[in-house]
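Spelled out, the chains give:
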Amino acid sequence: MTKADIVEAVYREIGVAKKEAAIIVDTVFEAIRAKLEGGESVKISRFGNFNIRNKVPRRGRNPKTGEEIEITARKVLTFKPSQILRERVRDGEPIDAS
Amino acid sequence: MTKSALISLIAQQLKLSRKDAETAVNTVFDSIGHSLEVGNRVELRGFGSFGLKERRSREGRNPKTGERVMVDAKRVLFFKAGKALRERVDH
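Just so you know, the protein sequences line up as chains W and C, in that order.
For the record, in the first sequence the residue sitting at position 20 is 26 according to the numbering used here, with numbers rising by one throughout.
For the record, in the second sequence the residue sitting at position 64 is 67 according to the numbering used here, with numbers rising by one throughout.
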């Protein structure tokens, strides 16, 4: 599934023009991105939470050369699905390879 | 930001009724959830992808009692942020 399918679903549900539905979907994802960029978490009830984790710097190794390097502090995005979504997925239909 | 705050923001930015904004936001996440439920991954350009992984059944232990238990096979969901979003978050 891609964004086009989500746009189609929004178009069917609220009866706006397709172009308008595409703008709505883009605006939803851009709003989420903007909050995450600002370090804020985004909690979608029944779906899951997008969180920003602050990773502390640590020592690592270049696996190719064996050289020791510092892995700098960074922020990473994680997603924790809600219990409802986890259960829906767990008990769902087999994975479609396509 | 909660879903309710997201709905308000969408309503305000796009001059939609709160009801339409609510339906739209719910439809976005319901359709992603439905796709995953029926076994299809979801790929969103510029955002990331929601994928599925099969976990085989395995023998585990009850950490409290040490007793052996079978853990059933299951399907789990994972999210991988797209490159652009990863870079926006880590600035």
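Treat the hints with care, as some may be off.
[Said to hold, decoys possible] Restricting the straight-line Cα-Cα distance to at most 20 angstroms, the calculated cross-link-like pairs of lysine to any residue (SDA-like) are:
| # | chain 1 | residue 1 | chain 2 | residue 2 |
| --- | --- | --- | --- | --- |
| 1 | C | Lys6 | W | Lys24 |
| 2 | W | Lys86 | C | Ser34 |
| 3 | W | Lys9 | C | Lys77 |
| 4 | C | Lys18 | C | Ser34 |
| 5 | W | Lys61 | W | Ala37 |
| 6 | C | Lys6 | C | Lys18 |
| 7 | W | Lys81 | W | Arg64 |
| 8 | W | Lys86 | C | Glu62 |
| 9 | C | Lys56 | W | Glu99 |
| 10 | W | Lys24 | C | Lys56 |
| 11 | C | Lys56 | W | Arg94 |
| 12 | C | Lys86 | W | Ala40 |
| 13 | W | Lys41 | C | Glu25 |
| 14 | C | Lys83 | W | Lys24 |
| 15 | W | Lys41 | C | Phe82 |
| 16 | C | Lys6 | W | Ala23 |
| 17 | C | Lys86 | W | Asn57 |
| 18 | C | Lys6 | C | Leu47 |
| 19 | W | Lys81 | C | Ser52 |
| 20 | W | Lys9 | W | Gly45 |
| 21 | C | Lys77 | C | Val92 |
| 22 | W | Lys86 | C | Arg89 |
| 23 | W | Lys9 | C | Glu62 |
| 24 | C | Lys6 | W | Phe85 |
| 25 | C | Lys83 | W | Glu43 |
| 26 | C | Lys83 | C | Ser60 |
Read the hints as simulated data drawn from the structure, not as lab findings.
Now for the hints, and whether the structure bears them out:
1. C:Lys6 / W:Lys24: violated, 23 angstroms
2. W:Lys86 / C:Ser34: holds, 18 angstroms
3. W:Lys9 / C:Lys77: violated, 27 angstroms
4. C:Lys18 / C:Ser34: Violated, because 23 angstroms separates the two Cα atoms, which is more than 20 angstroms.
5. W:Lys61 / W:Ala37: violated, 24 angstroms
6. C:Lys6 / C:Lys18: Within the cut-off at roughly 18 angstroms; holds.
7. W:Lys81 / W:Arg64: Given that 20 angstroms is the threshold and the Cα spacing comes to 13 angstroms, the pair holds.
8. W:Lys86 / C:Glu62: Measuring from Cα to Cα gives roughly 25 angstroms; hence the hint is violated.
9. C:Lys56 / W:Glu99: Holds, at roughly 12 angstroms.
10. W:Lys24 / C:Lys56: Roughly 33 angstroms between the alpha carbons, so the hint for Lys24 (chain W) and Lys56 (chain C) is violated.
11. C:Lys56 / W:Arg94: holds, 14 angstroms
12. C:Lys86 / W:Ala40: With Cα atoms ~15 angstroms apart, Lys86 (chain C) and Ala40 (chain W) stay inside 20 angstroms; holds.
13. W:Lys41 / C:Glu25: Distance ~19 angstroms between Lys41 (chain W) and Glu25 (chain C) Cα, so the pair holds.
14. C:Lys83 / W:Lys24: violated, 28 angstroms
15. W:Lys41 / C:Phe82: Holds: Lys41 (chain W) and Phe82 (chain C) sit about 18 angstroms apart, inside 20 angstroms.
16. C:Lys6 / W:Ala23: The given pair, whose Cα atoms are some 24 angstroms apart, is violated under the 20 angstroms limit.
17. C:Lys86 / W:Asn57: The given pair, whose Cα atoms are some 16 angstroms apart, holds under the 20 angstroms limit.
18. C:Lys6 / C:Leu47: Distance ~19 angstroms between Lys6 (chain C) and Leu47 (chain C) Cα, so the pair holds.
19. W:Lys81 / C:Ser52: holds, 19 angstroms
20. W:Lys9 / W:Gly45: violated, 25 angstroms
21. C:Lys77 / C:Val92: violated, 31 angstroms
22. W:Lys86 / C:Arg89: holds, 16 angstroms
23. W:Lys9 / C:Glu62: Outside the cut-off at roughly 39 angstroms; violated.
24. C:Lys6 / W:Phe85: The given pair, whose Cα atoms are some 15 angstroms apart, holds under the 20 angstroms limit.
25. C:Lys83 / W:Glu43: holds, 16 angstroms
26. C:Lys83 / C:Ser60: violated, 24 angstroms
When the structure is compared with the earlier hints, violations turn up for hints 1, 3, 4, 5, 8, 10, 14, 16, 20, 21, 23 and 26 and for no others.
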